[in-house]
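Residue numbers (our numbering), protein chains in the order written: chain A, 928 to 1283; chain B, 928 to 1283; chain C, 928 to 1283.
Derived by calculation from the structure, the hints in this document are not laboratory data.
One thing to keep in mind: the hints can contain errors.
Note: identical chains are not told apart, hence a pair may lie in one copy or across any two.
[What the hints assert, rightly or not] In silico BS3-like links for lysine-lysine, alpha-carbon gap of 30 Å or less:
hint, residue 1, residue 2
1, 1014, 993
2, 1259, 1005
3, 940, 1132
4, 1132, 1005
Below are the chains, spelled out letter by letter.
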Amino acid sequence: MTANAREENVSDKCFSIQELAELVGGEVHGDSLLEIRGFAPLESAGAGDISFLVKAGEADKLAACKGTAVIVPMAVEKAPMCCIRVKNPYLAAARIHNLILERPFVATGVHAMASVAESTRVPEQINMAAFVSIGERVSLGERITLEAGVVIGDDVEIGDDTVLRANVTIAEGCRIGSRVIIYPGCVIGSDGYGYATDERGFHTKRPQVGIVQIDDDVEIGANSCVDRAAYGVTHIKSGAKIDNLVQIAHNVVVGENSLLVSQVGIAGSCSLGRNVVLGGQVGLADHVNLGDGVMVAAQSGLHNDQKPGARIGGSPAIPMKQYVRAAIQYGKLPEMGRDLRKLKKTVAALQAEKEE
Amino acid sequence: MTANAREENVSDKCFSIQELAELVGGEVHGDSLLEIRGFAPLESAGAGDISFLVKAGEADKLAACKGTAVIVPMAVEKAPMCCIRVKNPYLAAARIHNLILERPFVATGVHAMASVAESTRVPEQINMAAFVSIGERVSLGERITLEAGVVIGDDVEIGDDTVLRANVTIAEGCRIGSRVIIYPGCVIGSDGYGYATDERGFHTKRPQVGIVQIDDDVEIGANSCVDRAAYGVTHIKSGAKIDNLVQIAHNVVVGENSLLVSQVGIAGSCSLGRNVVLGGQVGLADHVNLGDGVMVAAQSGLHNDQKPGARIGGSPAIPMKQYVRAAIQYGKLPEMGRDLRKLKKTVAALQAEKEE
Amino acid sequence: MTANAREENVSDKCFSIQELAELVGGEVHGDSLLEIRGFAPLESAGAGDISFLVKAGEADKLAACKGTAVIVPMAVEKAPMCCIRVKNPYLAAARIHNLILERPFVATGVHAMASVAESTRVPEQINMAAFVSIGERVSLGERITLEAGVVIGDDVEIGDDTVLRANVTIAEGCRIGSRVIIYPGCVIGSDGYGYATDERGFHTKRPQVGIVQIDDDVEIGANSCVDRAAYGVTHIKSGAKIDNLVQIAHNVVVGENSLLVSQVGIAGSCSLGRNVVLGGQVGLADHVNLGDGVMVAAQSGLHNDQKPGARIGGSPAIPMKQYVRAAIQYGKLPEMGRDLRKLKKTVAALQAEKEE
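Let the sequences and hints guide you as you build the complete structure.
So, in structure tokens, the structure goes:
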């Protein structure tokens, strides 16, 4: 696929509007038998393409679109072309686009310059590129893709349809689920950071003998790190999506469908509930527990547990509404200082007078 | 070159003082026919070396220097040895040092343990180390250096004289210009972080079908990440210099000659003008636009667009002068709190008295 | 070793309680001839295992433990099983656990798919995995482990018993001591970030011709970066322990036994004394000097030198006690603003009255 072709996004197959509407639970207005083969933004869509509009308020953009069909929000009742009305056009567009991009798995097998230890059985349905190194007793599911430079330690387990992109490292004993995507340079199962210090200040390494377990449908971004547990399991639960350059320390639990934005750092033994959202560069001190649905503003620092649904921000973090007001006031600190000094003088003068 | 030799920095060629002065637009005081072969700091320079002095106020250091010549700022009118007077000695020293370190490109060709896909043509003038993996239809310029462990995806384009250091990953379809240096472990073209979420909290991956384009003379530091665009292009423009462990999200544009210090994080669709400077660990929220020459203090967090030339700091960021004063006042907050409580009592007493 | 076996931690050898007590300088209560082969937490310990208790206040947990022996703090005078009383149970447990995990070095030699330059001599006692690339004139100590994908540049020196995990890069000329562990994806000796800028805003790279020197017993975490010096040496001194995704710039000195938690960023030419502790995501501006034993709270930003033993926090950082109080007050800023505005009005009214 050329760089330009990446934007064309045309399938080998045809999909009827009816099929697509059923996939996303939408209502068709127009000819539901029209055939769609491609997906494109409004500006570049052409014949055979489906496009999408997120905001009803921008419906006037539809006039110039040359696509065959368009996904629109429910508030848009008709369009110049065939349309699929849905509650969440963003989500519907993602699903249809993924369908159009879908390709059958074509196994290329094991590259002549890959290295697989003797006790590991390689299934036929695999793509293993050059310079992939696989240790002893590794369990490999079906239709796995291992790009060049991937290193897998002994006793690792990997589920079906998982993709490890270039130069990923999975250390010994870790378990990776199905349909997981791990992006280039990511390190899973490095030792946790744990030392015991003697009276002279020398540090003795505490053995890190646990593993990392990554459940189904997780994605972990480029150059992120998930450390193995000291004992037991560092656990990334199903559907969690982790961005690039994120640090997850030993014994952390990340709940289902949580979102961790780039450069987040989570210290040892923290526990995150379901659908937690951590903004970019957020830091969690060790042993912090976040309930389901907690949302934390970018660059915040947390030391305390948070109840389900809490919205917090700041370093150290406080409730979000309070943080927003405090942050505004912060810029006024110089002025507040001046006012306060002036007031002190005035009040001192008033009091002195009274005492005369 | 041994570790010690790295500090010697001696060329195989000789350069006259005259030649060097012309390179940097400087004025020679002394014998312009003297020959220079090496570059060294004042303390270790010897015969045949040129050295440099940055601050005129430290001109007394020249007496002890044993080098043949020295680069000095215009404010220094003479030196115990031959000197080249320039406006910017720091810059002149860098240029002359680079000239002395310059070596002709010697092609080692393709290592027997490299892997190149069939449809990719490899030019004769190349250094391709062991365990380099190159995909289909890759376009390679002249005099490229690919160190061990480099992985290049399908349809990538790379310009002349570019260097990809060890274990770099360039994902499919990305375009890298000429004279680019990408440092070890760097990941170019990983998928952007984009999901659409359904009413139950499950995330569907939004296809990331754009590319990364890196223009000429860019440098990107070790283990940094530049994500491919959702659609279109994530664009690093010519001359930008990016430090280690930096995160650049999908659809970001980094302007010409911008400087991004280590651990900066830039969220999706931000746009930076020319010569923007972001200090270490700065974070930008998505869709922030920074004008030409904006400078941001280390660890700041930005949510708002900034006009050309703006100087800002803090998290959330405010104008730099205001930030500096607010930061000083921040340390006085406990004292301010006490003063305020005391004042409230005093004023209440004064008022009570009045009302009696 | 399977994922489960990692938690069993059983040695091939037997150790008497007496031996173990001597190793950790502890007092035995019970049968000092009992034999120990395994190490396990209180909950999972069984016959032949030694376990440990950190807090005397939790001594009631010992009743349910099925292990043969337990390490306890001095305040615990007896236990339901044989016990070793020590001052620091955390440290004693780490030492005994390490002893039990110790395995003799078994050399696997050089993998057929590794690449070693001609002028480098490989000792017999080595584990060199597939896809390891080693440059010219590299000096290798005894019992070194090089995992798959490791890249070592020309003229590197590596001491005895050092472990470089998967996909680590050591650039040319760097020196690594003995018993060092470098975790996956780490980059040692990438170029420092140094440019000289001309009047049009173009940046010229300043040559980075120094090296990185890493002394004995250092550990550096996954995907961390240590840049080579511009001149001279970036120096990580013995016993320092560095976590994942840490950035160490050119010419930095990190003192003996210092601890740098994940995502710390240290700018050029900083110098840290012995046993400095930097919390997660801390940033240091360039040329900052920290005395021995300085401790910095997570997410702090430092611009100024600190005396030995200083405790500091905040961005910009202030003394720790002051920071803690200021951070509390920060949340009260909106309230302070309101109080101040009210006071100004009241005082203005009082004064107006007086002047009447």
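Going through the hints against the structure:
In this homomeric assembly, residue 1014 and residue 993 come within 30 Å of each other (Cα to Cα) only inside a single copy, at 23 Å, whereas the closest approach across copies is 58 Å. Taking the shortest Cα distances, residue 1259 and residue 1005 never come within 30 Å of each other, neither inside one copy (50 Å) nor across copies (51 Å). Taking the closest pair of Cα atoms, residue 940 and residue 1132 come within 30 Å of each other only across two copies (21 Å); inside a single copy the shortest separation is 57 Å, beyond that limit. In the homo-oligomer, the alpha carbons of residue 1132 and residue 1005 lie at most 30 Å apart only across protomers (28 Å), although the nearest pairing inside one protomer, at 66 Å, exceeds that limit.
In summary, the structure is inconsistent with hint 2 from the numbered list given earlier, while agreeing with all the others.
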